[in-house]
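Let chain A serve as the given structure and place chain R on it in line with the hints.
The chain contents come next:
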Amino acid sequence: MAKIRDMIPAFELYQPTTVDDALELLDEHREQAWVLAGGLDSFDWFKDRVKRPSAVVDLGGIPDLTGIRDVENGLEIGAMTSLTAIERDEQVRSAYSIVADAARHVATPQIRNQGTLGGNVGQDTRCWYYRSGWPCYRAGGNTCYAAAPQAMNREHCIMGRSRCVAVNPSDTAPALIAVDAKMIVESNDGPRVYDAEDFFIGPAIDITRMTVMKSRDLLTRIQLPETWANAEFYYEKIRDRGSWDFQLVSVAAAFRKSGDTIEAARIAVNGVAPFPVRLDAVERLVQGTTGDEATANAAGELAIEGAQPLRHNEYKVPLMRNLVRRAVRSVA
Amino acid sequence: MDQAESMGVLEEKYTRRTFIKGVIATGATASSAGHLFRGSPLLGAATYQTATERLITLNVNGQERRVDVLPHETLAMTLRYKLGLTGTKLGCDRAECGACTLLVDGVAQYGCSMLTHQVRGRAVTTIEGLEDPDTGELSVVQQAVMEEGAFQCAFCAPGFIMAMTEMIEVNPNPTREEARHALSGNLCRCADYDKILTCAMRAAELARSV
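Top line first, the protein sequences correspond to chains A and R. Residues 1 to 332 in the working numbering are what the first sequence lists, from first letter to last. Residues 1 to 210 in the working numbering are what the second sequence lists, from first letter to last.
By construction, these hints were calculated from the structure, which means they are not laboratory data. Errors might be hidden in some of the hints.
[To be verified] Here are a few chain R residues that sit away from chain A, every Cβ distance over 12 Å (derived from the structure):
| id | residue |
| --- | --- |
| 1 | T57 |
| 2 | G129 |
| 3 | Q143 |
[Stated by the list, open to error] Computed footprint of chain A on chain R, listed as stretches where at least three residues anywhere in the stretch have a Cβ under 8 Å from a Cβ of chain A:
| id | stretch |
| --- | --- |
| 4 | 70 to 76 |
| 5 | 99 to 109 |
| 6 | 115 to 123 |
[What the hints assert, rightly or not] Computed spacing ranges between beta-carbons, pair by pair:
| id | chain 1 | residue 1 | chain 2 | residue 2 | range |
| --- | --- | --- | --- | --- | --- |
| 7 | R | G121 | A | G67 | 17 to 25 Å |
| 8 | R | M146 | A | A148 | 50 to 58 Å |
| 9 | A | S94 | R | A191 | 35 to 43 Å |
Backbone N, C-alpha and C define an ideal beta-carbon position, used for all residues, glycine too.
Pulled out of the complex, with its shape left as it was, chain A reads as follows (with noise of 0.2 Å):
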């Protein structure tokens, strides 16, 4: 947080009804437009004056992208549901129930009240120095104060960096790639389908952005497949504090078992990377096994293979180990 400020510097605000109309407006201002879905990352940085958009684009007024749907094959979310309807939700909850497990680990009950699901996915890293308007890598400048020898990088990543040390600061992010959620992403050019854990991208893809979206696309909905519903689950968010905090580390991990043994798991953990990191190699160490004690001590122990620490962040290495340990272990 810079200074205290008392109010937001003046933009435009616009106030679509559709979907249509808000594509329209993003394809008119371009760059100059801001997506706004609950607020609470936007008016932060309205506030500090370190992103000053033109033209913002309310998405609170368009009833298509909000509530949950059975879909063919599956349930699905529209982007500017709020994350108390998603906990709430009894399809969700006996289906899907990481998902809602994720979304009432958000912050607040306020937050979950008027943040959505789409916002949550789409929010930008929580790096002071970036948030701060430092002009390092991700801003745009040629350096990461965060990755300097002096710097405050308690936060930060262990792995997967590539110039800039933020993380994804997402807790719904690793649920919905464990329940295999595809996000569809709407533009001026029509509508594309990514699978969760590409939705996500790192700095080596581009600094800039924490998602494959630019600045004519618009997030409209996520469906969870019926694949993953009704799998074993097991979620778990590691913080300073029982409430706002993000991560420092969280993991969320499907499992589908036919006896005693693990036919199939996907993995994801949040807060170790730029990106949420789908654990691939230990979901293939864990299929097969009963998700023992032998088992889950080597997939701790392969997940954070490669760990690079900062300076104040080493405890994140053993947060990680551990807790994808607890996972497997969760289903033996």
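Positioned in the frame of chain A, the structure of chain R alone reads:
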């Protein structure tokens, strides 16, 4: 006109005619909220076109209130500085303390972190709207706060009371743990949490007995 003469900066940039138009359009801003803006508020207000109708009607505490709202104005700002409803406190102005908690269509949200234009057509309830408008009778939550004396300095009290008001609607029979969870979006710097929780439990009890 006197007002126009006193604003030298504006006269340099605008013809008198455009300036007067500007003043007409932003009249309420100049008269009731001019103190909010550093520098030259009218300058900003007069130079951009907005896609949003500024003069709007808000439903606040059951009353229709006409108010001139800037596109980038937060609800807490409108309530406190334009409608005089200062019961909604501003602590951090960053969705990090809960002092500005109010209800929008019965749902607890942070007034500092939403635009006033986002609540057009929705019912806003602030701490001022909890008592019965006719009899002045306090709400059960306010009654419980009186009985249990939950707060020390009480700057956070309006926010907590609004969060409790939502809580007893959503979960009329909470455990102490559930109440903790429901009130986890509010901070009390006097750290009076234990008494606040006792008060929340008492509020739920009173609500059930009504």
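Each hint tested on the structure:
1. T57: At roughly 16 Å from the nearest Cβ of chain A, R/T57 sits farther out than 12 Å, so the non-interface label holds.
2. G129: holds, 18 Å
3. Q143: holds, 23 Å
4. 70 to 76: Holds, because 5 residues of the stretch 70 to 76 of chain R bring their Cβ atoms closer than 8 Å to Cβ atoms of chain A.
5. 99 to 109: holds (count 4)
6. 115 to 123: n = 3 at 8 Å, threshold three: holds.
7. R/G121 with A/G67: 17 to 25 Å: holds, 18 Å
8. R/M146 with A/A148: 50 to 58 Å: Since the Cβ atoms of R/M146 and A/A148 sit about 54 Å apart, the hinted range of 50 to 58 Å holds.
9. A/S94 with R/A191: 35 to 43 Å: About 39 Å separates the Cβ atoms of A/S94 and R/A191, which means 35 to 43 Å holds.
Against the hints set out earlier in the document, no violation occurs for any number.
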